[in-house]
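All chains, full assembly: derive it from the sequences and hints.
In case you want the letters, here they are:
Number of protein chains: 2
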Amino acid sequence: MSLKIVIAGGVAAGTSAAAKARRCDEHAEIVLFEQGSSISYATCGMPYYLNGVIKERESLLVVKPDSFAQRFNIRLCLRHRVEAIHSEEQEVRVRDLSTNRTFRERYDRLILCTGSRAVVPPLPGVELPFVFSLKSLDDMDQIFSFMAEKSPRRSAVIGGGLIGVEMAECLRERGLEVTLVEMMEQVLPFLDWDMAQLIQAHLDEKGVRLLLGQPLKSIGYGAGGDGEVIIGSGFRVPCDMVILAIGVRPDVELARRAGVDIGPTGAVSVDDETRTSLPHIFAAGDCAEAMHLITGKTAYMPMATVANKQGRAAGANAVGRHLKVQGFCGTVIVKSFEMTAARTGLNQREALREGMDPLVHYIHPGDHAGYYPGSHPLHIKIITCRRTGHLLGAQVVGRKGVDKRIDVFAAALYNRMKTEDLIHLDLAYAPPYAPARDAVLVAGATGQTLFSGDWRPILPAELYERIHGNDQLCIVDVRQPKECREEGIIPGAIEIPLPDLRERIGELDPDRETVVYCRQGVRAYIATRIMSQRGFRDVKNLTGGVLSWPYELVKQNRSEPDGDPLKGCES
Amino acid sequence: MSLKIVIAGGVAAGTSAAAKARRCDEHAEIVLFEQGSSISYATCGMPYYLNGVIKERESLLVVKPDSFAQRFNIRLCLRHRVEAIHSEEQEVRVRDLSTNRTFRERYDRLILCTGSRAVVPPLPGVELPFVFSLKSLDDMDQIFSFMAEKSPRRSAVIGGGLIGVEMAECLRERGLEVTLVEMMEQVLPFLDWDMAQLIQAHLDEKGVRLLLGQPLKSIGYGAGGDGEVIIGSGFRVPCDMVILAIGVRPDVELARRAGVDIGPTGAVSVDDETRTSLPHIFAAGDCAEAMHLITGKTAYMPMATVANKQGRAAGANAVGRHLKVQGFCGTVIVKSFEMTAARTGLNQREALREGMDPLVHYIHPGDHAGYYPGSHPLHIKIITCRRTGHLLGAQVVGRKGVDKRIDVFAAALYNRMKTEDLIHLDLAYAPPYAPARDAVLVAGATGQTLFSGDWRPILPAELYERIHGNDQLCIVDVRQPKECREEGIIPGAIEIPLPDLRERIGELDPDRETVVYCRQGVRAYIATRIMSQRGFRDVKNLTGGVLSWPYELVKQNRSEPDGDPLKGCES
Chain A
0 MSLKIVIAGG VAAGTSAAAK ARRCDEHAEI VLFEQGSSIS YATCGMPYYL NGVIKERESL
60 LVVKPDSFAQ RFNIRLCLRH RVEAIHSEEQ EVRVRDLSTN RTFRERYDRL ILCTGSRAVV
120 PPLPGVELPF VFSLKSLDDM DQIFSFMAEK SPRRSAVIGG GLIGVEMAEC LRERGLEVTL
180 VEMMEQVLPF LDWDMAQLIQ AHLDEKGVRL LLGQPLKSIG YGAGGDGEVI IGSGFRVPCD
240 MVILAIGVRP DVELARRAGV DIGPTGAVSV DDETRTSLPH IFAAGDCAEA MHLITGKTAY
300 MPMATVANKQ GRAAGANAVG RHLKVQGFCG TVIVKSFEMT AARTGLNQRE ALREGMDPLV
360 HYIHPGDHAG YYPGSHPLHI KIITCRRTGH LLGAQVVGRK GVDKRIDVFA AALYNRMKTE
420 DLIHLDLAYA PPYAPARDAV LVAGATGQTL FSGDWRPILP AELYERIHGN DQLCIVDVRQ
480 PKECREEGII PGAIEIPLPD LRERIGELDP DRETVVYCRQ GVRAYIATRI MSQRGFRDVK
540 NLTGGVLSWP YELVKQNRSE PDGDPLKGCE S
Chain B
0 MSLKIVIAGG VAAGTSAAAK ARRCDEHAEI VLFEQGSSIS YATCGMPYYL NGVIKERESL
60 LVVKPDSFAQ RFNIRLCLRH RVEAIHSEEQ EVRVRDLSTN RTFRERYDRL ILCTGSRAVV
120 PPLPGVELPF VFSLKSLDDM DQIFSFMAEK SPRRSAVIGG GLIGVEMAEC LRERGLEVTL
180 VEMMEQVLPF LDWDMAQLIQ AHLDEKGVRL LLGQPLKSIG YGAGGDGEVI IGSGFRVPCD
240 MVILAIGVRP DVELARRAGV DIGPTGAVSV DDETRTSLPH IFAAGDCAEA MHLITGKTAY
300 MPMATVANKQ GRAAGANAVG RHLKVQGFCG TVIVKSFEMT AARTGLNQRE ALREGMDPLV
360 HYIHPGDHAG YYPGSHPLHI KIITCRRTGH LLGAQVVGRK GVDKRIDVFA AALYNRMKTE
420 DLIHLDLAYA PPYAPARDAV LVAGATGQTL FSGDWRPILP AELYERIHGN DQLCIVDVRQ
480 PKECREEGII PGAIEIPLPD LRERIGELDP DRETVVYCRQ GVRAYIATRI MSQRGFRDVK
540 NLTGGVLSWP YELVKQNRSE PDGDPLKGCE S
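Residue numbers (numbering that gives the first Met the number 0), protein chains in the order written: chain A, 0 to 570; chain B, 0 to 570.
FYI, nobody ran anything at the bench for these hints, they're computed from the structure.
A quick note: this is a predicted structure, and the numbers were derived from the prediction, not measured.
Be aware that one or more of the hints could be misleading.
Since the list gives no way to pick out one identical chain from another, each pair is judged satisfied if it fits inside one copy or across any two copies.
Within a straight-line C-alpha distance of at most 30 Å, the following computed BS3-like cross-link-like pairs (lysine-lysine) qualify [to be verified]:
no., residue 1, residue 2
1, Lys417, Lys205
2, Lys63, Lys481
3, Lys216, Lys54
4, Lys417, Lys296
5, Lys54, Lys481
What follows is the structure, given as structure tokens:
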């Protein structure tokens, strides 16, 4: 007798599960209930339809229901919602949303793919007609129509996560004024605060007004009858439309009411074969937890990539296979105008929260050979376990080649590589694609010097604190005078250009704790090598140089000439 | 007492060695002899200077001699050639090429970075004034001047490797007629023949005339006094200039005469710390061998990436460190007009030559989400060890995103991953960067189905042979009629579109050996799953579909209408 598989929800995980179940078992009966009227649509493409990059709404509908049902021989019921699970009887109660009638459907295996919902905070005004979320195609269509009909001029985006940042770009490109309101002191919380500064500067450049550290208080109408957002400080942001992009939470009502275990993250708890706590019931996608590869703990990662993998495994396992889902690294990438920001593994904040001892360093290599046109720096923050040397995570921000490096770091994390071993990767080099010393190799080489004791990094935050604590630190800037003049120096620094260092080393006190810095860290590293081998007892390198210094520099305005303007740019 | 390090040669490996030696030992005496008048110039950038993409010759000179010498406190002797090694006395004999005088220089450690030379075959005419190699800046300058002065109209490039293909593009972009002559039956020998077809088609499209399987016989002047190249077939190619790009060979004369062991590849044999067979002598870069990570054998890999890593290790180890150089995967990438071709690990030919049993499959995923503008297919050939399931190599050809995938495959090779485990990598997904199922994940998923026994691939070459051997094979094309009509079918195939397969399965004989194919392999995989579970005893999938079929298709010209033109495009 053939198995009967019932799947509740048909976006990413549900369709993956159905297709895989069919490929594994041609004879199973497969029924898919989806409450909406489309399946497997491209949620992540919605902001790009709204800004006109994607021209056809049709193209977001990745899989057409009819051909999907035919190809995989699936009973596909659109506008049907699974409302209850009777796990003892192995039945679900389903509501046909077109007729509003309910019926019961038996299952041998049930796969929950109920997804997630946009978080709507319980605040005054969130229900107003100019306030939108962006989670479903319906949401998208509503925003599209509103913009076409009302031609809003001013917008507010609440929330600076992925969707918030994408929507800020989208609205700006549609010509609207955009104010982005975020409760935290930074956008893109998957980045550390310092790395987020790079994106914030870019958003600012693109005319997005940022109001950080500001919780939303209410949405309403101002004196003139126009819409407005009121934030924590009491400040009022006049606006014609509001996008709520505060995040999503797993849709677990169905599971919870049936007694399926909900994990600490609020999502359905599943084992590594996507089994829930109840027999014959699987869960996959945004409604389910995933395992974090680095912490070894469950985590909530509502990403299409996770949903596809879990869905595929659930489909196979529902018909008797044993496909494992392994841990995820929390890999995230987002486009923001001309910049890209990405993270894999843990950031510094998360590593600290996990009680780890992260060793942090920054590098700024080019995305491809500097002599080949169009090269831009990549800004990379690398988190290493100080105790074992293993890579814990990486953040990359830049204009090009960010996706490549984050994927190589993700592959390194999966394989539990040590940071210093990254230098051994045989990465592809030709001038249009990479420098001969690719960014990931530089991460490895610098990791090697860190662990060999050849240099000791000091973090920007630590140096900043010590400067402001009136510390007796000696700070040496080894850039060329021209760079110091144009870019400014760190408060209190003595300037000794690297080429003069050996000659002028007598000006410095070898017994005093010394911090050296340059533009990106390369020359300062060479300087610390010179100094530590010439009797300096305690010399550190400001990792990442002024390119990773997220605080203000002292602008200088001196007039001495600069001997060789090119010299400073080598590394 | 401080160590005295002498380095012979100062391009990639020599300068890496000098800089690293200094960083590791501030007190060493470091002497670098370079026979040319520049150091560390960007060899790989030269074709891009010649075609005008790189505007300034200056920008190829990555490191200026003076500032390098000053920064690293190095005695840098340009236009000095090390002519002999007296290893017993630990001395070298050096010729000052400006004065032609020689002198002896003592060393504690000697690092050989003598590089490689362009191969010039001993054939008539290679010395003619319109014949050039492209190995050094001098070569580049000569080509540049020749083109400026003589305005050649017709060119011949001898050799279809990296430099040959880059120079074909360069000359074509400068408006010359280009004939590329190659002895093998394909260009880019790091690719398998079938993958090379994709680049050859592109070269053809761009107006490069290919003469494959044709050895060079001679170069001379034709009847009218114009230059000409005569190839193996006797065919004459009239041309105003010739680029010889037959390859390079290690420059090991100095080492050989001193009694340093030369390895089976013809390059200097070194251990994993770049030590040669003679005490106190190291070698790095194009003159030295490297270890191949997959074969475990020494190999000759004259790449900048290898040179930099070996040079760095040699510099450190010369002053007493123990930096290891690990194996390389033979990773290569090349731009050819709008296409990119890359390889890491072994190709099929090499795997067979090594006596391995390679399991080969092809995939054609998009470089990013199909619904986001500008997506192009990546053509990927994956080589897996049939016995253990380990990834052995990958080849990627496409328009965008090739470099990213090859680097992830290279990271997988370093970590000895199984092909099927690639699916577990947590790669970054957002529509502009990747499909939710990234190419590498697809490689993993298909690898998983291969090893689970869910599908059995047949290779294009095998199917082609069996068709031409009048085999009793049943071949089924499951594409839509429109696709078959437009793209042609494989000779003898029966057409049953996938949506009709379950209904029309009775038309096929389940006891007959059957091969199914489609456009890229996805629908055929689904079809084989249906058929094998419905009693077909021997059903295989033509891996890669018609997109990987390097032979001619039968063009069809039928007139039946096509129900749903979009349907065939899903996967």
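Hints, one by one, checked against the model:
Proximity of lysine 417 and lysine 205 under a CA criterion of 30 Å is satisfied in neither setting, with 38 Å inside one chain copy and 45 Å between copies. Taking identical chains as interchangeable, the C-alpha atoms of lysine 63 and lysine 481 lie at most 30 Å apart only when they sit on different chains, with a minimum of 19 Å there against 61 Å within one chain. Taking the shortest Cα distances, lysine 216 and lysine 54 never come within 30 Å of each other, neither inside one copy (36 Å) nor across copies (56 Å). In this assembly of identical chains, lysine 417 and lysine 296 lie within 30 Å of each other by CA distance both inside one copy and across copies; the values are 21 Å within and 25 Å between.
Only between protomers do lysine 54 and lysine 481 lie at most 30 Å apart by alpha-carbon distance; the minimum there is 25 Å, versus 48 Å within a single protomer.
Checked against the numbered hints listed earlier, the structure breaks hints 1 and 3; every other hint is satisfied.
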